[in-house]
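**Student:** Given chain A, work out where chain B should sit, using these hints.
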Amino acid sequence: MHPLIITEISRGPDDSLPAELLTSAYVASRRGRIVLVLNDISPFEVDDILDLCVRALPLDIPGVLYRDAADETSLARIVPQAAMLFLSAGLTQHWTALPGCSMGRFAPLAAALSVFQRLGKPTSMSELIAVPASPVDTPFE
Amino acid sequence: MDSFLGLFEGGYDPAAAIVRDGQLIAFAEEERFLRNKHAKGWYPTRALRFCLDQAGIGASDVRTLAINWDVPSYTNGRMRGFFEGMRNEWPVDGRTIAWQNRLLDIFSDQAVIARHGTAWRRAFGTDTAPPIYPVPHHYTHAIQAFLQSPFEEALCLTVDGSGDQFCTVLWHCSDDAVVPIYEVPMPHSLGWFYAAATEFLGFEAYDGEYKVMGLAAYGKHDPVIKAAVNRLVFAAEDGIGYQVDPRMIHYGPRSWSERFTDHLPELLGRPPRAENESIEEWHHDFAFAVQECLEQAVLRLVRWGQKKTGCANLCIGGGVGLNVKMNSKLFEADGIRHIFPHPLCSDSGAAAGAAFAACWQQTGARPEKLETLALGPEESDEEIEAMLQRCGIAYYCPNDIARSVAQDLSEGRIVGWFQGRMEAGPRALGQRSILADPRTVEARDRVNAVIKYREPWRPFCPSMTAEAAERYLVRWDDAPFMVIAFRATSELAREAPAVVHIDGTARVQLVHERSNPLFHRLLTAFERLTGVPVLLNTSFNVKGEPIVCSAVDAVRTFFGTGMDTLALGNCLIRKSVPTVAS
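Residue numbers (the numbering used here), protein chains in the order written: chain A, 1 to 141; chain B, 1 to 582.
Extracted from the complex, chain B is given alone in its bound form:
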């Protein structure tokens, strides 16, 4: 059967994916193998090797190498003409022109073929890479988000930094027709706007956006800040779209950051926060205004699209779709009944999107509905035991790993949970997770103090059995992938306070027995012991590192932190001496 490879390379989180007959056989981000968070700029050679191995094929068996860029438009002068138009509209600075020229260069047909050819010759000794198959950027996001959603008809919002000419596109999707109905071109980028705010607040763009979102919950409306932010992003003249003032983001001198110009501190009336400075009330309120501004911009667009099409279902693609608060607001929009933010909505996930598009276009096989993200490498119990014996680590194999771990969790131990195939995407979903008892906030604080070392204001998230959703969530929709937050009931706040954010919401994973049987069994076992089918679930890594990939990574992280128990497949390892913070 034909294998379609998708690759995302050159930016943050390069990744590889293999699709066959509409099924995603394998997906992985390069950072997991490289052990370098985001692996910015790397060619995803290791992820590619894994995908080929998982599919049981060699490099020469790949039918097509699909990429999520409209290569012809960079080659035939269309993008050049578009950039020239941008320069006529706004006073563009030299660095931006250099950036535009760099894009024209690296995404030209000749450069793309040469770059992939070189990488494949180095990695596999082949003469060339497989035939390159370009798919327009936002179309890739939309195809993936809609065709993998549970819907037959939907609106689809794709929103990111930029892709080809566009920053945001609204689509009307039905059957296999994915039709654009509204476009926001460069430079009006909500992704860039949020990245600018992220760096202004002293965090790193394309990594620290979660922190801004978390911080926003502590803020309040400040009319002065709001007025300033409204000069940065404002409604378009048609009352549907939005515009971003690019002089604040890119077009001008940038003494503080590549993500915003010196006009932004002038507008806000204060210098950006340095990384080592404390976070003040102003920063909370600024984060609040930024988040609100983002939500208003997309809400206006979705409300218009909902009225125009009558669609009650909404899909979300593009990297800004990882903003769970934005997704929650969109779910509350009039007329929207169901929502599906694709959990692989960012450009790394578009490796899978491009492979899906190539497979569908070439064979007619539609992408499968998304059931699981357990698409990465796994290790068998035999391999795990051999490694533990090699390292001289004491372990035992209980009759029921789920029951033993539930017992440890109920006694307040923090557990590293390494099971089956690694998850794709930024969320731990019960394959590479750190788990804790959510019934007290002390457990949350201990996870932070001895393992994660995160800012204390950032929330931790719950995994709960899907059957418990009605009990714990207000107006919820199915959410197996932790990409949307719902309002928590008072029962959740009372029974699992460690996983309810200060604004009363929870970014939840609903665990289904069908798609995640072992993790569901663990939650059920924990419920039998405690009455609460909920666990605090955070990614199995420490600050600044990617999520663990191999069992060795897990062991290294386990012994380098204050975790108490490690469940590696069916093997259980317990530290005999309680950790200091416990």
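Here chain A stands alone, though its shape is the one from the complex:
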């Protein structure tokens, strides 16, 4: 399945992971595949945050895919298919040089959360049942 959105995942100033961004991205992945570009973060660390969320949602959603920020070959193949890319300034500069990557599809990382929240809104009653009102305020338990 083609990637709908590609977003970088990097640590905050306090070395923490962006938990709200990750859970919102996972909920939004009901609409299409979301690629998480892990920038110096291990997949296991992300799994820890997403585990409850994954259990709460059906297993047949497009879901998220992890890619290492250093895996240029793999990323170069999927970047042209994505509707939006949320990357930090450094990665943006690098990836906009690729063929087929129009600048308009790149957005600052800070814009990602609100996009995922809009995209993740339920569109059927089965989705209403599957997700708590706010993935952060109401942990997936």
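If you are wondering where the hints come from, they were derived from the structure by calculation, not from laboratory data. These figures come from a predicted structure and were not determined experimentally. We put the beta carbon where it would ideally sit given N, CA and C, even for glycine. Be careful, since some hints might not be right.
What the hints assert, rightly or not - Computed list of lysine-lysine pairs in DSS-like fashion (alpha-carbon distance at most 25 Å, straight line):
#1 K575/B with K452/B
#2 K308/B with K121/A
#3 K307/B with K329/B
#4 K369/B with K121/A
#5 K211/B with K40/B
#6 K329/B with K220/B
Stated by the list, open to error - Chain B is faced by these chain A residues, among others (derived, beta-carbon under 10 Å):
#7 I5
#8 R67
#9 G104
#10 V115
**Tutor:** Chain B in isolation, oriented as in the chain A frame:
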């Protein structure tokens, strides 16, 4: 600024739309350019080119190609599982299984990307199409209907043939939350039910539904027919929704039509009407029962939703929303004070809905409130004059085109009115219209006899100044897009009998000076001459053809029919010899 493209392709009325910052920059149906009514199955290449030109961008500038199908569900096995569930519930026939498999194939991620990629390579020479952005079908209808409505909170009913898993969904909408509160899944489709009745009555489905609706007004309650139709569509066990018996529609041998099985003639106790057979009283009464059945099914749902949410506003999306009689009934439901049937409620309009959804989700820019449907191509007076000179057609440019045309109309001439950007959707709203004096029924009959060649029982509709609504309509709401009928006052029936249907209603367009200034000026000029701010307004086409798109299309239609006057922009063309029927 980012441009979001929406496309509807593969079915009836393929279309393209461009949205930018929540504004619909351009929209057009492929049929208008192709000159092939409904353009069924075509990729909307011409409409797409127009949209890109209108937006002033190239193919590579499109940020996202939004489509109104939940592509992941066709790819990851969810739709396959849903179809398997349907097969367990009802004895599904082989043709239906083949249809289900075809859907799974054509809406899979791989097939969608390949299909659009091929079309874009052919049309623009690009390597690929822009990134595909799928939006669930009924959510697309609901987002468009609610966010473009004048309401801050509303119920929204989306009802069509089918889209992804669902046929009908009721939504509670507030701010930007569009939340489903009741769903009716396939195969329980009111759109399919109405299409079946359309073909049973000898018309073509997805085109002739208007005829069934028009015919229904001539019918009466027949208990035998009603009992049969009630076996076709009946209340669900919860008393809220409805069910359709799919054995009558799809699951079984289909000797007469793809839209109904051989069980339906058995149920109704007579064969379907052939196209060349006359229409009898039974057909009127059957149309009446079908229309009533549709209205009862949606009324039950909306009444429940109104009580549950307390909402007094109702939006309608999905192709069945073009049924103006149904919309009128819903407007009469207890607790409903305002209604907004979206005029682009069918799947072609969902091209715009998908683009709106993509733009809103990706940028936060909410869709603009719907003010006008003049979203298609236009031609300048210079271009029109050059064409007329090239064709050797005599014309002149009056000082005030509205006043000159009003004069012609008041003298009984039938006028082709071609002004500004072409309307989106199936209704002529004062950009590509045929206009006539509504004060006598003879004018209506002449429009039919020399131009439209329609069945005599089908109604013609009025356009009137918005200021005249109180004078001519009973319990009305704003209706700028001709998608709802209201009861006409005796004054309208007396002063403009040509536009009042046999059941005493009128499917009206209320024309606002703000959004449609030239057409409003024409109506006002006509009122000055006659005292009646109303015109008979029908689409600028002949039977079987799409509404005219270009000035050349308009000229061709003008000289191929009995129209008397043609107003092309500021140019006026009059036939010197009166038409035979005049």
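**Student:** Each of the hints needs a verdict: does it hold here or not?
**Tutor:** Hints versus structure:
1. For the suggested pair K575/B and K452/B, the alpha carbons sit about 18 Å apart, so the restraint of at most 25 Å is met.
2. Restraint check for K308/B and K121/A: the C-alpha separation of about 21 Å stays at or below 25 Å, so the hint holds.
3. As the CA atoms of K307/B and K329/B are separated by approximately 17 Å, the hinted pair is consistent with the 25 Å bound.
4. With a C-alpha separation of about 22 Å, the suggested pairing of K369/B with K121/A holds against the 25 Å cut-off.
5. Of the pairs offered as hints, the one joining K211/B and K40/B holds, with about 20 Å between alpha carbons and a cut-off of 25 Å not exceeded.
6. With a C-alpha separation of about 17 Å, the suggested pair K329/B and K220/B falls inside the 25 Å cut-off, and the hint holds.
7. A cut of 10 Å between beta carbons decides the hint on I5/A: the least distance to chain B is about 9 Å, and the hint holds.
8. Nearest Cβ of chain B to the Cβ of R67/A: about 17 Å, over the 10 Å cut. The hint is violated.
9. The interface hint given for G104/A holds, since its Cβ lies 5 Å from the closest Cβ of chain B, which is under the 10 Å cut-off.
10. Here the hint on V115/A is kept, as its CB sits about 6 Å from the closest CB of chain B, short of 10 Å.
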